[in-house]
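Peer 1: Here is how the chains run, residue by residue.
6 protein chains.
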Amino acid sequence: MRPSSRAPDEMRAISIEPHVSAHAEGSALVKFGSTQVWVTASIEERVPPFLRGKGAGWVTAEYGMLPRATHKRADREATRGRQSGRTQEIQRLIGRSLRTVTDLGALGERQITIDCDVLQADGGTRTAAISGAWVALRLALDRLNAASPFAQDPLPVAVAAVSCGVYEGVPVLDLDYAEDSAAETDGNFVLAADGRIIEVQATAEKAPIEEETLLRLLRLARIGCAAIFEAQRRAVGR
Amino acid sequence: MRPSSRAPDEMRAISIEPHVSAHAEGSALVKFGSTQVWVTASIEERVPPFLRGKGAGWVTAEYGMLPRATHKRADREATRGRQSGRTQEIQRLIGRSLRTVTDLGALGERQITIDCDVLQADGGTRTAAISGAWVALRLALDRLNAASPFAQDPLPVAVAAVSCGVYEGVPVLDLDYAEDSAAETDGNFVLAADGRIIEVQATAEKAPIEEETLLRLLRLARIGCAAIFEAQRRAVGR
Amino acid sequence: MRPSSRAPDEMRAISIEPHVSAHAEGSALVKFGSTQVWVTASIEERVPPFLRGKGAGWVTAEYGMLPRATHKRADREATRGRQSGRTQEIQRLIGRSLRTVTDLGALGERQITIDCDVLQADGGTRTAAISGAWVALRLALDRLNAASPFAQDPLPVAVAAVSCGVYEGVPVLDLDYAEDSAAETDGNFVLAADGRIIEVQATAEKAPIEEETLLRLLRLARIGCAAIFEAQRRAVGR
Amino acid sequence: MRPSSRAPDEMRAISIEPHVSAHAEGSALVKFGSTQVWVTASIEERVPPFLRGKGAGWVTAEYGMLPRATHKRADREATRGRQSGRTQEIQRLIGRSLRTVTDLGALGERQITIDCDVLQADGGTRTAAISGAWVALRLALDRLNAASPFAQDPLPVAVAAVSCGVYEGVPVLDLDYAEDSAAETDGNFVLAADGRIIEVQATAEKAPIEEETLLRLLRLARIGCAAIFEAQRRAVGR
Amino acid sequence: MRPSSRAPDEMRAISIEPHVSAHAEGSALVKFGSTQVWVTASIEERVPPFLRGKGAGWVTAEYGMLPRATHKRADREATRGRQSGRTQEIQRLIGRSLRTVTDLGALGERQITIDCDVLQADGGTRTAAISGAWVALRLALDRLNAASPFAQDPLPVAVAAVSCGVYEGVPVLDLDYAEDSAAETDGNFVLAADGRIIEVQATAEKAPIEEETLLRLLRLARIGCAAIFEAQRRAVGR
Amino acid sequence: MRPSSRAPDEMRAISIEPHVSAHAEGSALVKFGSTQVWVTASIEERVPPFLRGKGAGWVTAEYGMLPRATHKRADREATRGRQSGRTQEIQRLIGRSLRTVTDLGALGERQITIDCDVLQADGGTRTAAISGAWVALRLALDRLNAASPFAQDPLPVAVAAVSCGVYEGVPVLDLDYAEDSAAETDGNFVLAADGRIIEVQATAEKAPIEEETLLRLLRLARIGCAAIFEAQRRAVGR
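Residue numbers (my numbering), protein chains in the order written: chain X, 95 to 332; chain Y, 95 to 332; chain A, 95 to 332; chain C, 95 to 332; chain R, 95 to 332; chain V, 95 to 332.
Hints in this document: simulated from the structure, not taken from any laboratory.
Distance windows between CB atoms, simulated: (1) A:Leu-145 with Y:Ala-245: 55 to 61 Å; (2) A:Ser-99 with V:Pro-142: 55 to 61 Å; (3) R:Phe-144 with A:Arg-328: 52 to 58 Å; (4) Y:Ala-101 with A:Leu-309: 24 to 30 Å.
Note that beta-carbon positions come from the ideal geometry of N, C-alpha and C, so glycine has one too.
Start from the sequences, fold in the hints, and give me the full structure.
Peer 2: Next comes the structure, spelled out in structure tokens:
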């Protein structure tokens, strides 16, 4: 029995509200149950030094949590003077996941920075962030396209992510905080809308797992991502 | 003529939504026009070292802006590794303003940290933050009181803040970004609900001002704060 | 009765010794009673990036305290690895106060950095610093003018600052440390020699104050600044 | 054809030299081809604050690269003043991988810190580090056991790791730098000696991959880890 | 011919003004020609962790330069966020030199921190700092002794320091900036008043030197220190 | 009697293995007894800003210790976020010692960075580092010379360094950790192969020393360096 009484393959309620920011070129407020992430995409007409003059663009991401997004207040990273290893790991994952499906040449010499800030955390913040980041990026590209159409769409496929894990011996989909903090195994799966895999990060926290368990988690991830892709389509109006 | 077509003594629409956070003991989403600040109050049953064993509590504040809260994306302070001078100045102001009206002895040996994070900025973020911070603090104290009534209310009076300035030669109330970035003089006024003054910070940005101008700005601040106190009362249900 | 036996509207002895540095283009050692601040003005023939090619100059300030300037030794900021919020707030105030009366266009494309280092602290270090900073800036400009006369004086008016506050219920002028650490209200007033106001920062530390009290503090500040303007005139030889 | 002319399922030469440090309780110099990692295990009879008094121990890891371990010299992290996101990600992975198979209760209230410093890098530094870290940990535990036998072995199973990826369309085992920098997909697999999975991190760098590809990489990892487990056994003398 | 027209074995004018700080337990303003260093000694009735409960005290030093102590303004170390290698090297030297002659057991469990801040620099700041540091330390100990006499004087011998170097092929005493920046060899000599050597740091900047040259520099240092010891005696009133 | 049973003027076994790095232009693993330092020389075809366009090159050094190079594990400097004062002092010494004998004009506009990383520490790490650094630099220059002969050899003389000190009243050569941590006086001597002195740093740790003692230490250093020069010649094949 899951703490939330959900079935093992049941996602939490998903909502992705687009255009939440008056300033950002693309934005979304994504909710996976009580987890809420504010996502903005910012376009700059310049690229990092290593890309200058190469005709290609760049997509990168930053991640943060408001200090009281969590049950217990955490120190503010700006006050501590450095981002934690966890924060850096997550923002690297978000950026990498989007770049895998972005045609950086088609994007042209510009950089899009995705900021994912967690207003409220209840497990799955990184996967909610990736799922919302795709929406913000898509909306920013739509805006660029409306101003001056791309010869080729730089973002031909959607990306969604969900966490799966083994909780009290049972593989379950979309862990909330109560499950996540007690899970034996925790995995994050980033999938493309065509069914292919972008990134798998599965960690046996308490004891090593069998290969079949890994595959079962991947099956659950496919179920969850189907629901997320649907919410994304509604958010971007396609 | 103000960019927003408001009259010189006209506030923007104010809204203060309470209880926006599932975790924080007190919280509010405060909006002054397009400016939006997410405020949480977190109670910890411990005090800073300099207060230990003295029977008194502490109220402090931290302030941050999401990187794309502004027209142009700004670097994330956690990435840069330090809070800017402006950020520190603002968070010191917020904490000081609340402490002036808080009876720290009545609060008892506990610390309340107010986090003010700007989701969207259009001028007046620090005054919106102070106004919302009072609501979050009030709600957190109400919760403590419900669990174990205070002998004496540690927060007997409300606090609100508003910016006033001289724009194109005219003293105006509640500057938005378009006005703020061009104002000749900029002032922040923190007032108590009984009409007394908590803090005045008035800066002649372009040229020194006459004493009458300072007093005119204070008059405008009283008008603005009256509206904010009304919104605060609705938010805390009194 | 004030700890120093001064009358409520009595300044401490003021002295401003010019030309204390062999290297700096302008310099002064300013004393307000036991408070001593070493001030230098350094001219650089370049401007910050945001001003390049705009034909205007810049004036900025930095502030520091020697570790044993105070009764009890404080950690050295260079050792701690960051300037405190208080330090940043003060140096921003000094720079802003001078820029308000400086004609940056008349200055031309150069930057003048004012360094204010407190050798000994007994209250009022920021106001002594501002008062001395004007002298150092004036002397640096005189030197530039002697080498190549300005078409128009970039610094047409003097700036002085003084602290006023409410101590044991009485508004008093120029607080020393004994008063400052116990004051109910503390204000810093930056005035121009023509009587206009450059900056007012008044903080009710213990309880909100009435408007009349604020005005009384401003009256005291005018008295104190008159004495400082006189000392400045002697220091710059006008 | 691989740059090294190896078959797709062929590991590089592996060597693990134990007891390389005169001071550390456990140590090894591990080589995967030209990649060389110096690993030490240091025992401290104290645990991190969150574990105090709980009767359990802790295993953690740190990772570094000598500045000229790579083809081109990189800045020293101690000089830059912070560890990169990549470094933190790797050291978190090493620590997590070892903790999954360590019985922290059986270890008792002590901390073992594994330092993995790359003397020379040619791809696969993190997997070589994990493989060597297990040896250093095993040797440190053997030393503890010799002094005072454990009731139960805190490290009942060996851990090895290897990278696999898709290079020019072909899944290959144990990527060297030439392959790694050009791979379409890159995965790191951490396995237990009993065949179970500890961690999988597979990233589609250039384009999403099919599920079959992921499984093929896992097969290759099993082949590679078999060789590493053999080298580990020789190194620890079992 | 030296830039200052001094003879090779001629010191600059030395002055050591004691009791310059109203707060510090010991203090001095030391001048070697145009070089001016403000030195304070601060007593704290606690010792660093590694000395707790061992019945011995500690003497340590910190060094800084005001930004415009030099011909060209240098960045403030507190702003840059770290002390330079040069600064750390100098403050380590000052502390070490004093500890060599201090009987830390006789001092008792207290720490004395010597702060040396350069108001104006014209070569020899570290040697002026050491020479003044001894005076500040002596005065602080005299004060302790007056309150409660030491069984044994913790500072039985005076310490002075001077720089010597080879300038245009000639060994010279007490280099000023013009010489220091062009010297072929630069040495700092810390001597005890009884003629023994505390520290020698001689660096051949341009080319290696003969042993005779090193000895000639040491002879010059003895001449210079004799004058400094005399100035120290006057400053401490013995 | 020395802890190692060596005679007072007896060096530890010295070994310098050249070409240990596959990537660096020059490299060596230097051992003084149990002290082991991994040294690489990296050539970059650019110079620091202050040398640009001046036709001269630069040689600089960085120093580090693996966390468990020592008896007790030390914090990693990259984790602490700054290099210690000791580290900076040592790396400045290494760079300075090499530059004294390098003809930077003959080197041409390129920078050579010497990285000295201590794998194992048993006293004398800085002198082993300097001795190995010369070998790495020599090998890197030989490689440059082979590609395009220098008109003049930029490194005409060898540099070696050794520590000497007073241990239990006896001047001894090449202190190991047991001696170093108990020595009354500690000196580091950097000598050129032609007998001249590059740098002397002698510190009386416990009590001031006589001039004769300093000279005796220098005699011992000459004996030790003779052995090191011989090992260097073998390492560079001359």
